[in-house]
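Read top to bottom, the protein sequences are chains R and W. Take this note's numbering: the final residue in the first sequence is number 388, and no numbers are missing along the way. Take this note's numbering: the final residue in the second sequence is number 376, and no numbers are missing along the way.
Read the hints as simulated data drawn from the structure, not as lab findings. Remember, it's a predicted structure, so these values are computed and weren't measured experimentally. All clues stand as given, with none of them false.
Facing chain R, a subset of chain W residues (Cβ under 8 Å, in silico):
#	residue
1	1
2	3
3	227
4	238
5	239
6	244
7	248
8	251
9	252
10	256
11	281
12	285
13	347
14	348
Derived contacts from chain R toward chain W, CB cut-off under 8 Å, selection only:
#	residue
15	296
16	311
17	378
18	379
19	384
Backbone N, C-alpha and C fix where the C-beta goes; we use that ideal spot for every residue, glycine too.
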Amino acid sequence: MDLTYTPEQEMFRAEVRDWLALHSPTKPLASFDTEAGFAAHREWEKTLSAGNWGMVTWPEAYGGRGCDLIQWLIFEEEYYRAGAPGRVNQNGIFLLGPTLMEYGSDEQKARFLPAMASGEEIWAQGWSEPNAGSDMAAIRCQARREGGEYVINGQKIWSTRAVYADWLFGLFRTDPDSERHQGLSKILVPLTAQGVTVRPIRQLNGLSGFAEIFFDDVRVPAFNLLGEEGAGWQIAMATAGFERGLMLRSPARFQQASRRLVELYRQHGEDRLDPSVEDDVVRCYMDAEAYALSTYQTASRLVKGGGIGPEASCNKIFWSELDLRIHETALRILGPRAELQPDSALLADELGSWLDGFLFAQSGSIYAGTNEIQRNIIAERVLGMPRR
Amino acid sequence: MDFTFSAEQLEFRDALNALLREEVTGERIRARWESNTGWDEGLEAQLLSMGVFSLMFPESLGGLGLGMVDSVLLAEACGRVVLPEPVVETMMIASPLLVDILDRGLGNGSVQAIVDDLMAGKSRIAVSHPINPHLNFAARADWIMAGSGDGVYLLPVDAIQLTARKSVDPSRRLTEIRFDPLPEYCLAQGEVGAALLRAVLNRGGLATAAQLLGLAENLIQQSVQYAGDRTQFGRPVGANQAVKHLLADVAVQLEYARPVIARAAYTVGFSPERADFAVSHAKLAATRVAALAARYAIQVHGAMGYTWECDVQIAAKRVWALISEWGEEGFHKNRIHEWLLQPNALIGPEYTFGRRSLMIPSSDVGQCASTARTTK
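Turn these sequences into a full structure, and let the hints steer you where they fit.
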């Protein structure tokens, strides 16, 4: 055990910090769930990519830097410290990217990864259906093989970023006679294809962050099949592992939020607050740090060749509930002004983005597998409790 | 940056685990409850031959030269079986304090013989700190090292007035101690004494946190077993989500307490200037998970959980006792609040492991020389 950074790691941190100080937008971009905001975030992805910072853990051939996971964590720490924009392509770079590396052919990697790293192609995810939510194995959306193509019919829903994204990676039933986890395949679909209809869904915060998608005889080349036909469930589970695990919600995000929470609390030091607020502020900070420590432990294990297991489900529960607590606490500090929309520069300065974050935090315990499903996974696969 | 335990550290932990699981059963703990001494001398001899009482002394003193990172795993193993004998206290609290005293040249040579006797199993020593109103197994010790004010005193046990107290946990044999802090017993006072006592307190907090982790594991394991065996409505009670989710909650808390305790062990060893914060965080995180584990373990066991017969009580009662040892929640929260809310606190994602510098100034390390020896 050695909890100090090497000189190389310190230099890497300095390099990230310096680059971000020069390039990171000085003002927050508009939400990527608006058309203009989406475009601005795509531009930012291109800037990142031009500096080779798009996805530092990827091999250089695909636009990365071949960094290890400790460097990844350092990059993220500096990224959140700098307040750099959210990653509009997170579905691509954090979820599909690692899956492509593991299951994609060389041709597929060459076709999709560089455009993903550069922000040229932004990805949405197509897993859930109206009748396949927590019970994802109930997927019915069909992809029928016809010669060198798949013909897709059916519907997907809750596709994050799909309103403005270019591509979708989805899970489709390729064997019409199959049931449950069998006969599913992972297929990549351009959202510009003939027969695709994207209908935005307005979220709790008023923006169209996700969409439902209708497929009407949509034809895609068989080249777009990721992994083997019928192996979709296993591949999706690997992706879900990335989503719940290390990549999607790096600890720096919550450490930065809880640092801002401490600062907010200090600013309101003269207010007559509920005495339990201070305790909650400190608890949030410590829990964010615990999440960081746990992630460093996992990353160290992976760097040494170890694996990541079903305990990734613990992650999802921990960070989503922490995120809620951080934002709830911030709103308690803001008191009666917490309900105000920060729609003027003055108010934005005073109120920050806590209300937005609070609304978004409502979704964290639901997406990527509800926390109830995660608790089942922990009970059954980590603790070994009976399924029925 | 490498946040893993080494293969050797894990092997030693496994070896101790294997011995303890064999020797420290619920039945044998209950036998201790019925006995006058509450002590299993056979087990003590086995631990002695494993070298457990020499672990934390440097090789120059004839010890094994292990450090906090090594011993924290062993403390967890002791907690896991709810070991009654104060092995963790000897290993993680008394031994490093003796080393500190020798390193500082205190005690006029009287301490060396005590260290030799301790490693040889010829004498026992207990450490009393002002934060704990009671001392466990004081009557079984030959020597007491006791803090009073900013002084550290070393006394033969018969120079101390002991008043027995009963704990909720029958394994614990508590006493209130009273003694005259006479100069002839004084090893250190003033700044030196305060520094020694502060280090003792942090090691005590760490040792307790590690045991609480082990206790939480014990309680989860008993509960999973019971929920799988017990049938109602024609199926195991553990098949019900309401039951699963109780234990899943404990598992999540445990997953995120574990690295906090590991970080505290490292910090006590290598960055003592941050030890107050790291140890308090560890004690709070361990308390939270262990208290939750005790509460839910009883719930999952149903009426059985409320019986004397059920072994859940053995671990649960230790949890309830240790929660306020070496600083109750308020003490540790206050230390964290002071640290975190000070105007210039270095907080945020880039400070997870302290200031961004490779070297800890030697003046910080000098405070407790023994900690610098901690093996990585």
